[in-house]
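*Asks:* Sequence:
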Amino acid sequence: MAFPFLSEEWVEAAHELRAQYGEKGPPVGQAMRLNLLVTDVPFGDGDIEAHMDSTDGSLMIDRGHLDDPDLKVTVPYATAKAILVEGNTGAAMQAFMNGQIQIEGDMSKLMMALQGAPPDPSAQEFATRLREITE
Numbered sequence: 522m523a524f525p526f527l528s529e530e531w532v533e534a535a536h537e538l539r540a541q542y543g544e545k546g547p548p549v550g551q552a553m554r555l556n557l558l559v560t561d562v563p564f565g566d567g568d569i570e571a572h573m574d575s576t577d578g579s580l581m582i583d584r585g586h587l588d589d590p591d592l593k594v595t596v597p598y599a600t601a602k603a604i605l606v607e608g609n610t611g612a613a614m615q616a617f618m619n620g621q622i623q624i625e626g627d628m629s630k631l632m633m634a635l636q637g638a639p640p641d642p643s644a645q646e647f648a649t650r651l652r653e654i655t656e
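Its first residue numbered 522, the sequence shown is counted upward by one per residue in this note's numbering.
Taking lysine to any residue and the SDA-like style, the derived pairs with C-alpha atoms no more than 25 angstroms apart in a straight line are:
#1 Lys593 to Ser629
#2 Lys602 to Glu656
#3 Lys602 to Arg650
#4 Lys630 to Met618
#5 Lys593 to Asp568
#6 Lys630 to Leu592
#7 Lys602 to Asp627
Source of the hints: derived by calculation from the structure; they are not laboratory data. Please read these numbers as outputs of a predicted model, since none were measured by experiment.
Given only the sequences and the hints, what does the whole structure look like? Please build it.
*Replies:* Given below as structure tokens:
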């Protein structure tokens with residue numbers, strides 16, 4: 522079953538998927554705590570506060586903001602989905618160049634995280650499963 526990206530149902534399904542894969546999830550290139558303000562969301566009130574945390578060696582995405590993040594990124598829904606679900610880092614660069622992404626904090630950490638490590642087969646399978654649960 523597929524759910525809208527960052528909906529409560531999607532986050533729950535992503536957590537279940539992460540639990541199934543454990544350490545076999547996507548590799549983390551740079552440990553960081555990042556708050557996301559996702560705008561233009563096609564459901565709910567239009568914006569979602571979310572965060573990404575990779576300080577324990579694996580990438581966790583959840584709703585709500587963290588205290589004292591390394592970065593705060595404001596990004597349109599379609600771009601966030603392209604980056605986080607589809608793995609399209611080119612979408613991030615294009616949106617940034619067009620002024621659609623606003624970044625507060627250490628941008629070098631974000632650039633290093635987007636480069637990441639080359640995925641292994643388990644990480645590729647995890648990414649495929651993540652796309653399957655996303656509308």
